[in-house]
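Participant: Residues per chain, in single letters:
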Amino acid sequence: MLTLQCPYCGVMAEETELSAGGEAHLKRFGPGSSDADFETYMFMRENPKGVHFERWRHSNGCGKWFHAARCTVTLEVFGTYTAQTSTPPADLLDKIRAARPGFKWREFE
Amino acid sequence: MSEAISALAGANNPNGFAAVAELGLHGMITVRGDQADAGFAKAVCTVAGVEALPEVRKCVGTLEGGVAWMSPDELMVFVPYSLVVEKLEELNAALDGSHFLAVNVSDARAVFGITGPKAREVIAKLAPVDLSPEAFGVGDLRRTRLAQIAAAFWMNSEDSFRLVCFRSVAEYAYNLLAMSASAGSEVDYF
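Quick mapping for you: the protein sequence lines, in order, are chains D and B. For reference, each letter of the first sequence is one residue, going 1041 to 1149 in the working numbering. For reference, each letter of the second sequence is one residue, going 6 to 195 in the working numbering.
Derived from the structure by calculation, the hints contain no laboratory data. Errors might be hidden in some of the hints.
To be verified - Quick list of the computed label-pair ranges, beta carbon to beta carbon:
1) B:Glu94 with D:Leu1066: 40 to 48 Å
2) D:Gly1070 with B:Val192: 49 to 57 Å
3) D:Arg1146 with B:Ala41: 29 to 37 Å
Where is the CB? At the ideal position from N, CA and C, for every residue including glycine.
Using the sequences provided together with the hints, build the complete structure.
Facilitator: What follows is the structure, encoded as structure tokens:
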């Protein structure tokens, strides 16, 4: 059972109270962008075995979107953070570096 | 003007180990806005007749005059059903010009009461929430999942809960609560 803490209401919400929102920190390429950029935005995903950054929504609770960092192998949760950001917070990255030396996820390592 | 009735017209089941009842019509106003704004807080408190806005995951006041925390930018204001239209106008007038949203949802929600010394067991069976007396007490509120539907509930006294859900799923909620409270199904965990 996956349990994530909602950074907005502070609830330790278990999986059935949440909705998964796919990969985090996608940069949108809309009308006017090149086909290659649009393809990358639309289809290319990390799908890592290990540390992953995701979007979640506290859908059966306060209804807010947030980000979570977890390990897809062990289900270890490194932390959750606000949706109003385009990069994971520095202290969370430090924590992940300490727990998983040499991890790499897109430009974060 | 047609006569307004609540979703289940006051259905109740006193035969379980906790009494489950649909509580009829209640005035409910969903309000969104900046809760840190003093003017917003004052206007909402005045309409509801409470002293201060509830803290995170709390409910203050009663169904006749109270405020429930719903999310970081959303509150539910309870007023008597007969006064809801004028209270909404009062709120709209008080907040005129600021960034907010207030909607009368009285007829779009159903309100239930779960009463009895083991009332917390009824809900603990249905929601993924720690309902132990240490973790959940009088005034605490949770917006969560009740089996397959979304619901919000809070403890209004030591042995009583109030629960709000969408009117469209009122029958499901009532059947669910009544079944969870059926006599002989006590877990006696708390």
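Participant: Next, verify each hint and record whether it holds.
Facilitator: Checked hints:
Between Glu94 (chain B) and Leu1066 (chain D) the C-beta distance comes to about 44 Å, which sits within the given range of 40 to 48 Å. Taking the beta carbon of each, Gly1070 (chain D) and Val192 (chain B) are about 53 Å apart, inside 49 to 57 Å as hinted. In this structure, Arg1146 (chain D) and Ala41 (chain B) meet the distance hint of 29 to 37 Å, their C-beta atoms being roughly 35 Å apart.
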